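Q: The working numbering puts the first residue of the sequence shown at 46, with every later residue one more than the last.
Derived by calculation from the structure, the hints in this document are not laboratory data. Quantities reported herein were computed from a predicted structural model and do not represent experimental measurements. Don't take each hint at face value.
Quick list of in silico lysine-lysine cross-link-like pairs, DSSO-like style, CA-CA up to 30 Å [unchecked claim]:
(1) Lys342 / Lys265
(2) Lys340 / Lys265
(3) Lys239 / Lys186
(4) Lys189 / Lys275
(5) Lys364 / Lys346
(6) Lys265 / Lys186
(7) Lys239 / Lys275
(8) Lys265 / Lys189
(9) Lys189 / Lys239
(10) Lys186 / Lys275
(11) Lys364 / Lys340
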Amino acid sequence: MSPSRHSAAWPAGLMVLMCLFAPLIPSAAAATDAALDERCVRCHGQTAPSKPGAAPTRLRMNPDDVRGSAHAALSCDDCHSQMRVLPHKPLADARVDCSRCHAAETQTLALSVHGLAAARNDPDAPGCTACHGTHAVRAIKVRKAEFKREVVSLCLGCHTDERIVARHNLPRSSVIVAYQMSVHGDAVTRGSEKAPTCSDCHGSHGAGPIDGKAPHDPLKVPELCGGCHKAELEQYRSSVHGTAVAAGDEESPTCTSCHGEHLIQARTDPASSVSRRNIPRTCSSCHEALDIQTKHKLPQKRLESFETSYHGTLTRLGKTYAAECASCHGYHDILPSSDPSSRINRANLATTCGSCHPADAVAFATLTVHSGLDLQRETTPFWQRLLESPWIWLQSVILFSLACGAAALAWRWSGLRKRVR
46 MSPSRHSAAW PAGLMVLMCL FAPLIPSAAA ATDAALDERC VRCHGQTAPS
96 KPGAAPTRLR MNPDDVRGSA HAALSCDDCH SQMRVLPHKP LADARVDCSR
146 CHAAETQTLA LSVHGLAAAR NDPDAPGCTA CHGTHAVRAI KVRKAEFKRE
196 VVSLCLGCHT DERIVARHNL PRSSVIVAYQ MSVHGDAVTR GSEKAPTCSD
246 CHGSHGAGPI DGKAPHDPLK VPELCGGCHK AELEQYRSSV HGTAVAAGDE
296 ESPTCTSCHG EHLIQARTDP ASSVSRRNIP RTCSSCHEAL DIQTKHKLPQ
346 KRLESFETSY HGTLTRLGKT YAAECASCHG YHDILPSSDP SSRINRANLA
396 TTCGSCHPAD AVAFATLTVH SGLDLQRETT PFWQRLLESP WIWLQSVILF
446 SLACGAAALA WRWSGLRKRV R
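With the hints as extra help, turn the sequences into a complete structure.
A: Here you go:
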């Protein structure tokens, strides 16, 4: 065989050898990792110290935790890289740098309220292991319902600790615990995989304060809630409230303004802020506020005029069939009366009233609901309104006549008694 043929053949032979031995290379690496892990477990896998110098309790771990975790394919030194040389120094710095694999999450965490606290060496600031655990780290997609319940438990662990709450001026623990009594908390407890938990609204790695960037910022709340409640979001976007929020008006009500934040209850719950009995008070929290009335040129005394009406009287008596604000104005689709699509537009009143009064819809549509909304009349002195009202005059004449008749009867009765004597 000529030298030229030899030179052409040896690369091909080398490729064949590489293909034959390539599968053995990872196996060799795995064997090395396994040997290293075995040496780690000799000390750190003990259930109790068996000899002087064994790992103290806080440095011991259960090997089964790792085998059943999301990191089962990793070796000890993949996380504890500074411990590759054994034996390592006693009580060496064993901090783990999760950013080696989770760079994006680590960067997001660093800019969060928790990450900024950790940068200040705040001992209360939670790091990766505070939420995910140490060796028994599990993937989120595994047992999602159970994971959601654990998220609530983890967040409550710090946010209901009165010492942490006091040190960091956090919201009262009772406000946070209220979530467990909400429709969302109840659904999570019953095993729902869709109901939102703390991290769904506040963010996970990027949890932060209300600063315009947080997902739970007031102007972002509709889009946040709309992630689950899509139909309601579409109605809200075109409503008078939704268009105001889109324009940057932070005074305009969003989902949480009416439904609450952590303690969101079903509309059928009598204690709910949007139950039929409580809706007038919920709406009036804005519509009766003088500064909002002035800024947005809203009618005054809307609650008073409703409560003195037939509907309002029934509502105050607890009659849940009586119409309240949302029955006429709508819920998520509230529009001004000038809008042709509004439920209270003159052309639509018969339909709106007919939902409760089908037999007399047209007649009811001609009645005045908020009888006290005539602002000019409301500013008229009482004595002047008294003199101008024919009903007051008629009632006065009737009462005066009755009084005179009663006096005459009393006088005649006293005269008869004197004659008898």
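Q: Each hint should be assessed against the structure and marked as holding or not.
A: Hints, verified against the model:
Between Lys342 and Lys265 the CA atoms are separated by roughly 25 Å; this keeps the pair inside 30 Å, and the hint holds. The straight-line distance between the Cα atoms of Lys340 and Lys265 is roughly 23 Å, inside the 30 Å bound, and the hint therefore holds. Distance restraint check for Lys239 and Lys186: the Cα-Cα separation of roughly 13 Å lies within the 30 Å cut-off, and the hinted pair is therefore satisfied. Taking the CA atoms of Lys189 and Lys275, the gap is near 22 Å; set against the 30 Å cutoff, the hint holds.
Under the criterion of a C-alpha separation no larger than 30 Å, the hint pairing Lys364 with Lys346 is consistent with the structure, at around 22 Å. The straight-line distance between the Cα atoms of Lys265 and Lys186 is roughly 27 Å, inside the 30 Å bound, and the hint therefore holds. For a cut-off of 30 Å, the pair hint linking Lys239 to Lys275 stands: about 14 Å separates their Cα positions. For the proposed pair Lys265 and Lys189, the alpha carbon gap of about 26 Å is at most 30 Å, so the pair holds.
Distance check on the hinted pair: Lys189 and Lys239 sit about 9 Å apart at the alpha-carbon level, within 30 Å; holds. With a C-alpha separation of about 24 Å, the suggested pair Lys186 and Lys275 falls inside the 30 Å cut-off, and the hint holds. For the suggested pair Lys364 and Lys340, the alpha carbons sit about 34 Å apart, so the restraint of at most 30 Å is broken.
Hint check: a violation occurs at hint 11 only; the rest are consistent with the structure.
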